[in-house]
Amino acid sequence: MAAILVHFCGTGRVRNIKSATICLTLACVLTIPARATTVIVSNTNDNGPGSLRQALADANDGDTIDAMGISGVITLTTGQLLVDKSVTINGAGAGVLAVDGNTTSRVFQTATGETVSISGLTIRNGQGGEGGAILNADTATLTIINSTLNGNTAGFGGGVFNSGTLTIINSTFSSNMASEGGGIYNSGGGVLTISNSTFSGNAVSETGGGIFNIGTLQVANSTVSDNSAAFLAGGVLNFNNLEIGNTILNRGASGVSIYSNGDGLVTSLGYNISSDDGSGILTGPGDQINTDPMLGPLQDNGGSTFTHALLPGSPAINAGDPAFTPPPFFDQRGLGFDRIVNGRLDIGSFEVQGPTLTPTPTPTATPATTPSPTATPSPTASATATPTPTATPSPSPTPGLTPTPTSTPTATVTPSATPTPTATPRSTPTSRPRPAPRPRPTPR
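Residues 1 to 444 in the working numbering are what the sequence shown lists, from first letter to last.
Hints were generated in silico from the structure; no laboratory data involved.
Treat each hint with caution, since some may be false.
Restricting the straight-line Cα-Cα distance to at most 20 Å, the calculated cross-link-like pairs of lysine to any residue (SDA-like) are [as the list claims (entries may be wrong)]:
#1 K85 - T141
#2 K85 - R35
#3 K85 - A57
#4 K85 - D61
#5 K85 - T64
#6 K85 - G62
#7 K85 - T104
#8 K85 - S51
Using the sequences provided together with the hints, build the complete structure.
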């Protein structure tokens, strides 16, 4: 089209009004971008009509690739999927549709300068030198929402290797492996933002089991648990700039929960929980160190991705930033799981929803001041005290347990005509006070 414009209009002066009008029309057509459309993925084939690979080839910048109508597994047999346009890829849900690298290739690679969004997918079994599941290239912008990255392997960044701008929302990175950066490797030029997400069970043979950062990293309202490293941090390893707030750091089998080297700058925004001492860098308001966050296993707790639930009595419950205001309006699980319950948010990616999980003091731990049962003398104890010819009554062996004078007022015993030895009326078993229950220690 551009060639037509140059050929028809030339570079000199247009000779008449009609020619000028035609040239102007052609110029306008050239500058109008194509209208964004939706490209449908209709099957789980690796290639061919209706496949995800074909949809990526057919799409234009700004298009949406819709895979919400299919379920199952797309197994890649002809290599990675190159995303070289600015597109949105929507799956049916992380528990519904997976894209599998077949342990032979990386799953996705974004091209330089593109803006890409991926949601509602599980991305698994990818393998690559940099980024087992995804390689996000320089100057590319990638957003991952409501997705799971599981079982991917790489030299650097088992889940994602990021050199561009990467945002993770409401997603879970689990059981990914690498030499460095089991979940994510954020390189020197990378900008990484993580919100309402979970990093669990990722492992490295060297450093940074969950996240390895030498770029810029912000973590909020997230849970980093049970990740491991042969050296240094099993959870988060920082070499540059890190801001972290309202996040759980639960140490795994090996490697501390978080570590920053001497050149790294860490800003604690407060209200974090670390199961170890947090390497001395968690000094913000409301930070808790050497504290067990009391997490359940990684499992389906509702929503489209797996999470670690907060167990009853968890110190993370209602311990988040009291000044927090949404967004986000929901926890990692999404709609139906409010981010603030009982007036204050919980620490981590999971918010306890029901009052049954909210720790409350146990009232039974307070000792009663008056002996229970309440010693209102029952009328049945009114002595029709015809003294039975029992043996000479010996003193009642209840030293120290004698009720207070108010508990058993001297019964109005009608004196008997024959003054037999002071007829102590037999008290019924119910009138004997029992010792007050010993208070149980308050649960820690």
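Check each numbered hint against the structure and report the violated ones by number, ascending.
Failing hint: just 7.
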